[in-house]
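Q: Chains as they are written, first to last, in the working numbering: chain A, 1 to 332; chain B, 1001 to 1331; chain C, 2001 to 2295.
It is worth saying that the hints were derived from the structure and are not from the lab.
Treat the hints with caution; some may be incorrect.
Unchecked claim - The calculated lysine to any residue pairs, modelled on SDA-like cross-linking and capped at a C-alpha distance of 20 Å, are:
(1) A:133 - A:143
(2) B:1266 - A:262
(3) C:2183 - B:1103
(4) B:1139 - A:275
(5) A:270 - B:1147
As the list claims (entries may be wrong) - According to the in silico footprint, chain A covers these stretches of chain B (three or more CB under 8 Å from chain A):
(6) 1178 to 1188
(7) 1207 to 1217
Ideal Cβ placement from N, Cα and C applies to all residues, glycine included.
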Amino acid sequence: MGNNELLLDLRNLQTYFFTDDGVVKAVDGMSFQIRKGEVLGLVGESGCGKSVASLSIIRLVDKPGKVVGGEIIFKGEDLLKKSEEEMRKIRGAEIGMIFQEPMTSLNPVYTIGNQIMEAILVHQDIGEEEAQKRSIELLKLVGIPEPERRFNQYPHELSGGMRQRAMIAMAMSSNPDLLISDEATTALDVTIQAQILELMKDLQKRTGMAVLFITHDLSLVAEMADIVAVAYTGKIVEYSDVRSVFKNPKHPYTFGLLRSVPSLVNEQRKVDLPAIEGMVPSPYHMPNGCHFHPRCPFATDVCRREMPELEEKLPSHYARCFHPVEVSKEVV
Amino acid sequence: MKKLVEVQNLTKYFPVLGGVFSRPIGWVKAVDDVSFHIYEGETFALVGESGSGKTTCGKTVIRLIEPTKGKIIFEGKEITKLSQSEMRPLRRSMQIIFQDPYGSLNPRLPVGEIIREPLLVHNIGTKKEQEDRVVDVMKLVGLSPEYLHRYPHEFSGGQRQRIGIARAIVLNPKFIVADEPVSALDASIQAQVLNLLLDLQKKLALTYLLVAHNLAVVRHVSDRIAVTYLGKVIEVAETTELFSVPLHPYTQALLSAIPVPDPDVKRERILLQGDIPSPINPPSGCRFRTRCRFAKDICKEKEPPLIDVDGEHYVACHFVKKGKKTEYTVS
Amino acid sequence: MATEYALEEVEKKETYSYWRMVFKRFRKHKLAMTGLVILVAIIITVIVGPLIWRVDPIAQLEGPYELLSPSRDHPFGTDDFARDVLARWFAGGKISLMIGFAAAVSATIIGAVVGLVAGYFGGVVDAILMRIVDILLCIPTFPLLIALASVLGKGVWQIILVIVVFGWMGDARLVRSVVLSLKEEQFTEAAKAIGVSPSRIMFIHFLPNVMAPIIVSTTLGIGSSIVYEASISFLGFGVQAPLASWGNMLQNAQQYIWNAPRLVWYPGLAIFITVLSFNFIGDGLRDAMDPKLYR
Ligand SMILES: Nc1ncnc2c1ncn2[C@@H]1O[C@H](COP(=O)(O)OP(=O)(O)OP(=O)(O)O)[C@@H](O)[C@H]1O
Ligand SMILES: Nc1ncnc2c1ncn2[C@@H]1O[C@H](COP(=O)(O)OP(=O)(O)OP(=O)(O)O)[C@@H](O)[C@H]1O
Ligand SMILES: [Mg+2]
Ligand SMILES: [Mg+2]
Chain A
1 MGNNELLLDL RNLQTYFFTD DGVVKAVDGM SFQIRKGEVL GLVGESGCGK
51 SVASLSIIRL VDKPGKVVGG EIIFKGEDLL KKSEEEMRKI RGAEIGMIFQ
101 EPMTSLNPVY TIGNQIMEAI LVHQDIGEEE AQKRSIELLK LVGIPEPERR
151 FNQYPHELSG GMRQRAMIAM AMSSNPDLLI SDEATTALDV TIQAQILELM
201 KDLQKRTGMA VLFITHDLSL VAEMADIVAV AYTGKIVEYS DVRSVFKNPK
251 HPYTFGLLRS VPSLVNEQRK VDLPAIEGMV PSPYHMPNGC HFHPRCPFAT
301 DVCRREMPEL EEKLPSHYAR CFHPVEVSKE VV
Chain B
1001 MKKLVEVQNL TKYFPVLGGV FSRPIGWVKA VDDVSFHIYE GETFALVGES
1051 GSGKTTCGKT VIRLIEPTKG KIIFEGKEIT KLSQSEMRPL RRSMQIIFQD
1101 PYGSLNPRLP VGEIIREPLL VHNIGTKKEQ EDRVVDVMKL VGLSPEYLHR
1151 YPHEFSGGQR QRIGIARAIV LNPKFIVADE PVSALDASIQ AQVLNLLLDL
1201 QKKLALTYLL VAHNLAVVRH VSDRIAVTYL GKVIEVAETT ELFSVPLHPY
1251 TQALLSAIPV PDPDVKRERI LLQGDIPSPI NPPSGCRFRT RCRFAKDICK
1301 EKEPPLIDVD GEHYVACHFV KKGKKTEYTV S
Chain C
2001 MATEYALEEV EKKETYSYWR MVFKRFRKHK LAMTGLVILV AIIITVIVGP
2051 LIWRVDPIAQ LEGPYELLSP SRDHPFGTDD FARDVLARWF AGGKISLMIG
2101 FAAAVSATII GAVVGLVAGY FGGVVDAILM RIVDILLCIP TFPLLIALAS
2151 VLGKGVWQII LVIVVFGWMG DARLVRSVVL SLKEEQFTEA AKAIGVSPSR
2201 IMFIHFLPNV MAPIIVSTTL GIGSSIVYEA SISFLGFGVQ APLASWGNML
2251 QNAQQYIWNA PRLVWYPGLA IFITVLSFNF IGDGLRDAMD PKLYR
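Please model the entire structure based on the sequences and the hints provided.
A: And the structure:
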């Protein structure tokens, strides 16, 4: 898809939170790459560091959090070495962000139109009138009916789905090269969610931007992404193109997750789902060795002792596991 | 099959307060003239968009919310007119599992007390018997009895949901309203809790009213499904029937929008236009008409009744006729 | 099993219950611990003191012994009625502390019950109770206190009654506002769903949740009750001579403020330090119990 130019290269990112109760290694050595025009799906359960990773990329991690290691190479330059001034120019202009909670990321005292215009005026050298015209176009583009009227409305006067679309319009306002979408549709209904996904796909195809698509819903990733990165406790445990991950998962966590989701085609209803036993460990007490071993059916002594490296298990299919799953053709 | 619960013309309007004197200036028609029944031992699911009145409906059925109109019949007895204190003995047989596993647990009571409370309230057994029962139930839902003296904040989301389930089953109820029992849970924990619910249903012959928005989950665990839209039930059918022959245009759109965890499956989506209208001023006639691609003039003028098109498959659409005949065409 | 493992992780971090957490955090609070130590010292002194210093606090010495300066026989000197001040200081301390405890605790209990009932039932009940609170709050307390004191008569129990009558409204408001928010919590609905009666919801389910603000308010209330008693006594309506309280000792001393200022210092400092310790303890408890500061 697109050309093969590397846009974002995340290398061994480490973001820790230094709390009173100890250090939370929210992101602990995450690496992934996004090429131009590509959609990377970042999946994992709640608390595995997806949002923190995305905030680290745009350098918006708040205290007590701190990026303590790694590199974030965006268009060949390390964002961690940029000054705050330079970052401000990149945010919104080159990297657009849709936050996890649209309700809290819009300012309740300004109209939707005002906020989109503001985003345009900050980054582009155009007049107010021009900016207003563009804002209304954007609102139309993201499928908000009667954009002229909505332009003058406040966030609370819009429905959740519309607010989410306003956020997308704002993030898209300056044609960013990279769009970070953090659970942009999780809070929405399936029918509205479908509307927004179609919209994002459409815009992405038209403008050729790359997307970092964050979610905990594997189905959405199957639909949207070209490449999938599966995170568990702050580390990437599986990384490959979307077909390979879904058809041939190597990490027992990905494997277990895929099997535990009730299917829409399965003949057998009302039977036990193959669940992953146990639960995600507390961030304050990570188990030794592989963080997944307490829940892993294949764990052996080596898993309890050592953390496996992210290794190539199939051509360009990486997994962090000593005992990668062999999926036989029949199971699929 | 015996009907355990029967709901007739159930209606719940919430006042919208405003003005200086906080007088009702309008009504949220959360549940509007809804009828359905639930057979003994089955899982009956309510699905639909957010705000379509699923939770309100579930809570009204067990009289946690007072209905504005309508009749609720439980085990052949009308319970709509009972006072709250007359309801209290009946609560032994009807329970609820809440959507938010943390919010529904009192943060200052230890888990053992939370689960024992129903037994205390209904004066069942001696102290010793109650304690034994609590331990049994905890084991049943997969919680170690060692955690009797712990407080809710010391547990994970999945464990808290188990505590909520333990409290709901400790009285051996017949009927449980499960309001989004897994939507607050992590992907990997969801299957654990679903398995538990299925398992308990088999062991204790429970009847569930399941409220959920995840259709794959609903398909997996329920026997019959009712689809709600803006306070109305617009289609009711047996699960496999609904998934294979959805008749209402909204159901079709809803089912087509379910994402599938398979990159090879590219589904043809029916995209709806616009947003859900406000439940304070629902559209006239058929409430779905503002987003329906088949809408005609009649939809604006007349509200379609919920009719039985094919033995136990009910649909409310002007263009669906007996024998599952559909006559809608894009105008 | 995997589940067990994860549970052990939880255990390591939080084996303690809510109250143990409060205790742990309270102990870390330096000011509060200082307050507690001083307070315990004062309580021990006024209890043990009279057992060692066996002098009758009421007996007037024969002879011209009024207003003696401190000496071996009378370490704190004597007062204008030639009574031993140290003995009176011990006896007065006991009475003042008792009034403080009894008044603050009863005021809190009444306030809590009123707050629970008003908050839980709402509507007319709430309106009536809260209007009573408003009325009591907007009457200037002090003149009325004195009026009431003069109607009820003078004595320890009357004083407690007077302080309670005017001391419960703050707690009632506090508890009511907490209950109003608890009522919206889902666990309340959960309790109704299992058939819990209103009174049980109030006293078994809500009470533990309002305990934190209540206990804090009681500690602070003890301090202010002691001051109240002192002020009433100061104006001559409190604990009556020859019985001693720190309050009436202070009141008697005012006429001698120039020729025997020590008579002001002994009870005055005692009240000051006691109230301060209670305030420190109250602050510490508030910090230790505030769930927002949790973790
Ligand atoms: N301000 C903070 N202080 C301490 N820990 C934090 C803070 N913010 C995040 N964390 C921790 O960092 C970890 C990762 O959080 P993050 O928000 O990235 O998760 P996530 O993968 O986005 O989850 P979700 O799917 O719930 O959004 C979590 O364990 C979280 O508790
Ligand atoms: N106590 C209340 N007072 C006023 N309006 C209410 C109240 N409870 C619910 N509503 C309104 O009633 C409608 C139906 O709400 P309900 O919670 O039943 O929806 P739901 O289908 O369960 O949605 P969700 O999937 O988001 O949980 C909504 O418009 C909601 O705003
Ligand atoms: Mg997140
Ligand atoms: Mg709901």
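Q: Can you confirm whether the C-alpha distance between residue 1139 of chain B and residue 275 of chain A stays at or below 20 Å?
A: holds (18 Å)
Q: Taking only the CA atoms, is the gap from residue 133 of chain A to residue 143 of chain A under or equal to 20 Å?
A: At roughly 16 Å apart (the allowed maximum being 20 Å), residue 143 of chain A and residue 133 of chain A satisfy the hint.
Q: Keeping to a limit of 20 Å between CA atoms, is the pair of residue 270 of chain A and residue 1147 of chain B held or broken?
A: Since the Cα atoms of residue 270 of chain A and residue 1147 of chain B sit roughly 30 Å apart, the hinted pair is violated (cutoff 20 Å).
Q: Does the alpha-carbon distance linking residue 1266 of chain B and residue 262 of chain A stay inside the 20 Å limit?
A: holds (18 Å)
Q: Test coverage of the segment 1207 to 1217 of chain B by chain A using CB-CB distances below 8 Å; three residues minimum.
A: Coverage by chain A holds here, the residue count being 4 at a Cβ distance below 8 Å.
Q: Take the C-alpha atoms of residue 2183 of chain C and residue 1103 of chain B, compute the straight-line distance between them, and say whether it is at most 20 Å.
A: holds (12 Å)
Q: The segment 1178 to 1188 of chain B covered by chain A? Criterion: 3 or more residues, Cβ-Cβ distance below 8 Å.
A: holds (count 3)
Figure legend: structure checked against the earlier numbered hints; the only hint not met is number 5.
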